[in-house]
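> Produce the complete structure using the sequences and hints provided.
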Amino acid sequence: MSDLESGLPQPFLDALRCLREKKDAEARVDAVSDNFAYVWMGKLAKNNGSEPTGGWLRLPLAFPHANPHGLITREALKRAAEGEVADAHHVGHDMCKPVAALGAAHYYSWTWENSPPPRAPEDIMGVVQWYERRIRKG
Amino acid sequence: MATGTEQETGKDASQGTFVIFVGDIQEKWDQSTVTAKQIMEKAGVAEPDKFVLEALNHKGGDPVAEFNSNDPVDLSVKDRKFFRVTPGGGGRS
Numbered sequence: 001m002s003d004l005e006s007g008l009p010q011p012f013l014d015a016l017r018c019l020r021e022k023k024d025a026e027a028r029v030d031a032v033s034d035n036f037a038y039v040w041m042g043k044l045a046k047n048n049g050s051e052p053t054g055g056w057l058r059l060p061l062a063f064p065h066a067n068p069h070g071l072i073t074r075e076a077l078k079r080a081a082e083g084e085v086a087d088a089h090h091v092g093h094d095m096c097k098p099v100a101a102l103g104a105a106h107y108y109s110w111t112w113e114n115s116p117p118p119r120a121p122e123d124i125m126g127v128v129q130w131y132e133r134r135i136r137k138g
Numbered sequence: 139m140a141t142g143t144e145q146e147t148g149k150d151a152s153q154g155t156f157v158i159f160v161g162d163i164q165e166k167w168d169q170s171t172v173t174a175k176q177i178m179e180k181a182g183v184a185e186p187d188k189f190v191l192e193a194l195n196h197k198g199g200d201p202v203a204e205f206n207s208n209d210p211v212d213l214s215v216k217d218r219k220f221f222r223v224t225p226g227g228g229g230r231s
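Same order as they appear, the protein sequences are chains D and P.
Heads up: the first sequence at position 86 corresponds to 86 in the working numbering, and the numbers run straight through without jumps.
In the working numbering, each number is its position in the second sequence, counted from 1, plus 138.
There are no misleading hints in this set.
Listed below are the simulated SDA-like cross-link pairs for lysine to any residue, each with C-alpha atoms no more than 20 Å apart in a straight line:
no., chain 1, residue 1, chain 2, residue 2
1, D, Lys22, P, Phe159
2, D, Lys23, P, Asp162
3, D, Lys43, P, Lys197
4, P, Lys188, D, Arg133
5, D, Lys43, P, Pro201
6, D, Lys23, P, Gly199
7, D, Lys46, P, Asn195
8, D, Lys46, P, Leu194
9, P, Lys216, P, Phe159
10, D, Lys22, P, Asn195
11, D, Lys23, P, His196
12, D, Lys137, P, Ala203
13, D, Lys22, P, Asp162
14, D, Lys137, P, Lys188
15, D, Lys46, P, Glu204
16, D, Lys46, P, Ala203
17, D, Lys43, P, Gly199
18, D, Lys78, D, Trp40
19, P, Lys188, D, Arg134
20, P, Lys188, D, Glu113
21, D, Lys22, P, Ile163
22, P, Lys188, D, Arg136
23, D, Lys23, P, Phe159
24, P, Lys188, D, Ala66
25, D, Lys22, P, Val160
26, P, Lys175, P, Asp187
27, P, Lys175, D, Pro116
28, D, Lys23, P, Ile163
29, D, Lys137, P, Leu194
30, D, Lys46, P, Pro201
31, P, Lys180, P, Lys197
32, D, Lys46, P, Gly199
Simulated from the structure, these hints should not be mistaken for lab results.
Below is the structure:
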């Protein structure tokens, strides 16, 4: 566990452990800012096999008692057919700054509005699926 | 939509039922068409209207179709054996 992760709340750490066990063993917290953690997931599914893999899920430190908000990537997300994902896409947004040194440049300001609230750390798996669905729907 | 083989669908010829999986949860259905809500409820989802049912190309695979709660799901066609439940909704700021 990194120094960055050692200070995080236990439910969040439980979610991170679940994520590593079930989806991406290399998932890690790269930054914490404004009570949100930037969780790098190299295995986040995208639409096009030629796209660079990975992205940062912006998860509240209070997860699962608070909702995810936003996705950050190095490259603009592509649609399955052609073009780029345009849904709430911001290039060079301030929200990228905590991981800008790692190449973050694109912010998708997706909110959990009208989605079922997470209730347990294990719900992180549904959160990842939710992100992947939003990427697919573009 | 193409009709799938028994391996691709959940059709169990010996019993005349459709055997499907929602995550690791096995379900058996006598009829070929049920709603996504029925499938999710049987899997223990308390509020199926807030979720979508995603059909996968294999167990733990990629989604190939999605169904809202009231959508009918034809279990006799290809890629209707393995499913997962994903939170629906979502907005933007």
